[in-house]
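Chemist: Put chain B on the given structure of chain A with help from the hints.
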Amino acid sequence: MRFESPATVEEATHLLANADGTTRVLAGGTDVLVQLRLGLVKPDLVVDIKNIEGMRSIVAEDGGYRIGAAVSGAEMGEHEGLVALWPGVVEAMELVGSTQVQGRATLAGNLCNASPAADSVPAMIAANAIATIEGPLGLRLLPVEEVPAGPGKTTLSKGEIITSIFLPARPKRSGDAYLRFIPRTEMDIAVASAGVSLSLDADGTIETARVAIGAVAPTALLVEEAGTALIGAGLDDKAVATMVAAVRAACNPISDKRGTAEFRTKTAGVMAKRAAEIAFARAGGTK
Amino acid sequence: MSKIHVTTTINGDTVEYLCSPTETLLDVLRDRLDLTGAKEGCSTGDCGACSVTLDGRLVSSCLVLAAEAEGHEIATIEGMAEGENLHILQTKILEHAALQCGVCTPGILVAAKALLEKNPDPSEEEVRFWLAGNLCRCTGYDKIIRAVLDAAAEMRGA
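Those sequence lines, one after another, are chains A and B.
Residues 0 to 286 in numbering that gives the first Met the number 0 are what the first sequence spells out, letter by letter.
Residues 0 to 157 in numbering that gives the first Met the number 0 are what the second sequence spells out, letter by letter.
Bound conformation, chain B alone:
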């Protein structure tokens, strides 16, 4: 099977890769580019563990073909902290102990960041609806919601 050559931007860096036509963006991120923050949970777009943004839009990377990324901008969890400095959302997830096994956490963080960029002051209900596609089997969600609301408040300077 002939490979497809793709040039794309990931976390601000130009990245080139070869992929097969059936590979997903998640496959390439994890297996070819060593960006293993996005997780494969369900691989059918139901769990949100593979969340990334594509041109600023939150998507499941398991539902994007790697070849589709040509010429687009992708942001993953690896681009969230600046060096050793965690993003406020990451700090708040830790402070609120809003994770246990951690498999859902990168997806939750990417999704929550996308929410706060669109809506800096979401209600609890808006946070819960926005994150409805990010499944967590450990926390019961409440701590995650508190962490996101707390981060939003801090980012607004409240």
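One chain only, chain A, in its complex shape:
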């Protein structure tokens, strides 16, 4: 295995694009190092991106925030502006692992590890987050929901890396939230999860809403019908019931030791309902 720690994105993508065999991008390393130690992957090249300028910073941009690919969960949680604008995304990221893992784990890494149960991903999808991808052919922008292709697989091509995640500006009366079900209280993998982001008009009616679910399909899913179901009402029971039905209809989970497909489907609806209630309250809505 070769270890490289380039100073520029160009150098990093060049190294990855021209490498033979298996490559891994190293940001926080909380997944990559586990894969190495367990022998799940034997990379020929590991490229550490943390010494590239911008990778470790959170920058205000157009009313939103650009989060470098190597920014840790702990750093996100300490950023007051980011916590105020996108509390659901930050709390989702903070659910990943222990304090020690939070010191290193990143949003971009959670996305690229492509676990169906990745906590930050439904929250980012609900938030309309955009990944900036740089590669040998230049730069492209991709909605985060289009990055995972299946368990452990992404749509990135050889030599491409995510350099940042952009969380956009949002209207004043907005809120987001993420919830997951786990059988213990800390440090576990989601059995079913949901992220909700919504905005209200001046009367407290939901104007826009996005609902995303995790751990109930090969990738986290944006459930457009679920978001649509919430629009035009003030989170009344009928709208919520339609939203929950849309979430459950979108579920396509496996059964395993963490939960049966039936349990996951039911729970995803419950998580979406509760996350919607928190997001609605954060937006200043009253029922």
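Be careful, since some hints might not be right.
Below 20 Å or equal to it, Euclidean Cα-Cα: the simulated DMTMM-like pairs (lysine to aspartate or glutamate) are [stated by the list, open to error]: (1) A:K49 - B:D54; (2) B:K117 - A:E74; (3) B:K117 - A:E77.
Just so you know, these hints were derived from the structure itself, not from any lab.
The model shown is predicted, which means the values in this text are computed figures rather than measured ones.
Modeler: Coordinates of chain B only, in the frame set by chain A:
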């Protein structure tokens, strides 16, 4: 396999070592630098026994490649006491009998110190959440939590 030359700071001292690309910081601390306070429990970032700080940030040294330490500052349990004088946290762990086999103890101490530097007055719940990634199979945790809260109070001068 060619070795990587790394210059880093450990407990305030400049340290140089040669490592292979696949070695973790924990491997180098224990096997090359003879700093065996950090323990290898799970080697997958779940148990916290290998906790160190990297630029002041609590991390699992089993999840850091040794080559990544270049130019950074690492603090380990070996840097916690000043000579024969134990840190208050260490004293309190002893006073409260908050250890049995001791394998988790260095990690608990490093993690607790990082917590109290960030938050000198944590609630019991905050201590329990912060230390959730430090597994102990002996104590049942309660004595550890009491020791950390007691140390925090003493460090605040309460």
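Chemist: Against each hint, give a clear statement of whether it holds in the structure.
Modeler: The hints, checked one at a time:
1. A:K49 - B:D54: This hinted pair holds, its Cα atoms lying about 13 Å apart.
2. B:K117 - A:E74: This hinted pair holds, its Cα atoms lying about 13 Å apart.
3. B:K117 - A:E77: holds (11 Å)
Figure legend: structure checked against the earlier numbered hints; every hint is met.
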